[in-house]
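Sequence lines, in order, name chains A and B. Count along the first sequence from 1, then add 273; that gives the number in the working numbering. Count along the second sequence from 1, then add 384; that gives the number in the working numbering.
The reader is advised that the hints may include incorrect statements.
Claimed, not checked - Using 30 Å as the maximum straight-line C-alpha spacing, the simulated BS3-like pairs for lysine-lysine come out as follows: (1) B/LYS536 <-> A/LYS275; (2) B/LYS611 <-> B/LYS566; (3) A/LYS296 <-> B/LYS493; (4) B/LYS406 <-> B/LYS552; (5) A/LYS275 <-> B/LYS607; (6) B/LYS623 <-> B/LYS569; (7) A/LYS275 <-> B/LYS611; (8) B/LYS456 <-> A/LYS275; (9) B/LYS607 <-> B/LYS593.
Treat the hints as calculated values from the structure; they're not laboratory data.
Each chain, written out:
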Amino acid sequence: MKALYYCTLGIIYKELLRFVKQKSRFFSALVRPLLWLFIFSVGFKMALGLAIIPPYETYITYETYIVPGLIGMILLFNGMQSSLTMLFDREMGSMKILLSSHISRNYLLFCKMLATAIVSCIQSITFLIIAYFYGVEMELIAYVLVLPVILFSSIILNAFALFISSVIKQLENFAAVMNFVIFPMFFLSSALYPLWKIKDSSLLLYNLSSYNPFTHIVEFIRFTLYLKFDYSSLFIMIFLFIVSLSLAFIGYELKKIPSSKS
Amino acid sequence: MKTILEIKNISYAYKRDLVLNKVSFCIKQGEFFVLLGLNAAGKSTLFSLITRLLSLQEGEIIINDYNLKNYKKALLSIGTVFQEASLDLDLSVRQNLYFYGCLKGLSFKETLVSIEEELDKLELREFLDVNVRTLNGGHRRRVEILRALINKPSFLLLDEATVGLDVKARFDILAYIRSLVKEKKISVLWITHLFDELEPNDALAIIHKGEIVENSSLKNIIKKYNKNTVHEVFEQLSKDTK
Numbered sequence: 274m275k276a277l278y279y280c281t282l283g284i285i286y287k288e289l290l291r292f293v294k295q296k297s298r299f300f301s302a303l304v305r306p307l308l309w310l311f312i313f314s315v316g317f318k319m320a321l322g323l324a325i326i327p328p329y330e331t332y333i334t335y336e337t338y339i340v341p342g343l344i345g346m347i348l349l350f351n352g353m354q355s356s357l358t359m360l361f362d363r364e365m366g367s368m369k370i371l372l373s374s375h376i377s378r379n380y381l382l383f384c385k386m387l388a389t390a391i392v393s394c395i396q397s398i399t400f401l402i403i404a405y406f407y408g409v410e411m412e413l414i415a416y417v418l419v420l421p422v423i424l425f426s427s428i429i430l431n432a433f434a435l436f437i438s439s440v441i442k443q444l445e446n447f448a449a450v451m452n453f454v455i456f457p458m459f460f461l462s463s464a465l466y467p468l469w470k471i472k473d474s475s476l477l478l479y480n481l482s483s484y485n486p487f488t489h490i491v492e493f494i495r496f497t498l499y500l501k502f503d504y505s506s507l508f509i510m511i512f513l514f515i516v517s518l519s520l521a522f523i524g525y526e527l528k529k530i531p532s533s534k535s
Numbered sequence: 385m386k387t388i389l390e391i392k393n394i395s396y397a398y399k400r401d402l403v404l405n406k407v408s409f410c411i412k413q414g415e416f417f418v419l420l421g422l423n424a425a426g427k428s429t430l431f432s433l434i435t436r437l438l439s440l441q442e443g444e445i446i447i448n449d450y451n452l453k454n455y456k457k458a459l460l461s462i463g464t465v466f467q468e469a470s471l472d473l474d475l476s477v478r479q480n481l482y483f484y485g486c487l488k489g490l491s492f493k494e495t496l497v498s499i500e501e502e503l504d505k506l507e508l509r510e511f512l513d514v515n516v517r518t519l520n521g522g523h524r525r526r527v528e529i530l531r532a533l534i535n536k537p538s539f540l541l542l543d544e545a546t547v548g549l550d551v552k553a554r555f556d557i558l559a560y561i562r563s564l565v566k567e568k569k570i571s572v573l574w575i576t577h578l579f580d581e582l583e584p585n586d587a588l589a590i591i592h593k594g595e596i597v598e599n600s601s602l603k604n605i606i607k608k609y610n611k612n613t614v615h616e617v618f619e620q621l622s623k624d625t626k
């Protein structure tokens, strides 16, 4: 138990150190959703009227609507950034330290996901505080309750990102992942517009968005921020957690570390 | 004397390309064992199999009486130095050591205590709070060796640990590793392609095209082939296996 405790501590320690030392990473992760909140939403809100939809009990501004989606954006891009780091570590050789450890590879991967999730939590809360001063206010208890939800959601997205990084052979291929996985995942969700808006335009895209795990993550965050709870969403999240973790574990168990044939 | 590492009939292929063919040898406690071979001889593949970076296809590896299948025990008391740099460049030496110590189940304090003695021997104390990125190659390698010693291993594996270093740095590191064998009875697997790193009494296995072609002490091998240097022996062996 002591070994597992210190192992978890060590991986979180390293992730936090990297986070603190790479200040540009913190700001770029924050600037992206803030641009959407301050600029995109201002231009877009005139074009998009929002009906009263759960969890909202009244008409809301577009800025209010997209805040949970932008938290999802932070988690999604952070997860990808983290797996990109792992890919870089793999190419540089430093991941060998982890993979040649006497501790279970799955446990190490889980610690890595948890560490990234903690960093994502810090970034998300910072974003929520800025959004608060911008006028998107929630009840104080919502900020507390959303923390475990963000942590849980982040682990799911990190696991998914790790699975993707396990099937990528070269660092250069990661750009393709951004175009073919991340952006479709983000835009085919309820992060920026409600699903009924998509349904009006395209039934096919609506169906795709409904099955998109990212939609469920965003909605789970949205409902928690407005202190609404839905058991079916929780079960979906647990299901996504199990599936994404299994994929990441299987991906890294089968992974062959690049090795010269010397 | 106790056997620390036992390699039994290891074969490994990358798809259809057989890179190791029925490799077997043993390393005894307190032995400095050199695995010598040219590039693409299969040295790093063997290293990756011992450290579980690659999965075994055929054969068996036993470390400290534990089969590698039981890796939680087998890998517990080994220290490794990889051919590629494996330090986090953005962290300081101390932070890198703390991180690795945690992976070995040690607190920050325990980590520092465990390397206290070696910190001075490797002349790294003054660099503890220096960012790894600013260190030269020789110092980085010394940090990696120090890191490998954190859990006080009984067995140390080094894969081409002196590659890319100048002559002085190479022989300083080699002398330090030899002192560990002598003073602390640590067993060492020293993987290299550099002939000048060998000493007459070293246990030696020569690997060529994925096969162990000789396994004895250096002086016995030289005597057997009636040559003056290991380089000449190697040339002879290369001709024989063509």
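Verification of the supplied hints:
1. B/LYS536 <-> A/LYS275: Holds. B/LYS536 to A/LYS275 sits at ~17 Å (cutoff 30 Å).
2. B/LYS611 <-> B/LYS566: holds (28 Å)
3. A/LYS296 <-> B/LYS493: Distance ~28 Å between A/LYS296 and B/LYS493 Cα, so the pair holds.
4. B/LYS406 <-> B/LYS552: violated (37 Å)
5. A/LYS275 <-> B/LYS607: Violated, because 52 Å separates the two Cα atoms, which is more than 30 Å.
6. B/LYS623 <-> B/LYS569: At roughly 37 Å apart (the allowed maximum being 30 Å), B/LYS569 and B/LYS623 break the hint.
7. A/LYS275 <-> B/LYS611: Violated. A/LYS275 to B/LYS611 sits at ~54 Å, over the 30 Å cutoff.
8. B/LYS456 <-> A/LYS275: holds (14 Å)
9. B/LYS607 <-> B/LYS593: holds (23 Å)
Comparing the model with each earlier hint shows violations of hints 4, 5, 6 and 7; every other hint is respected.
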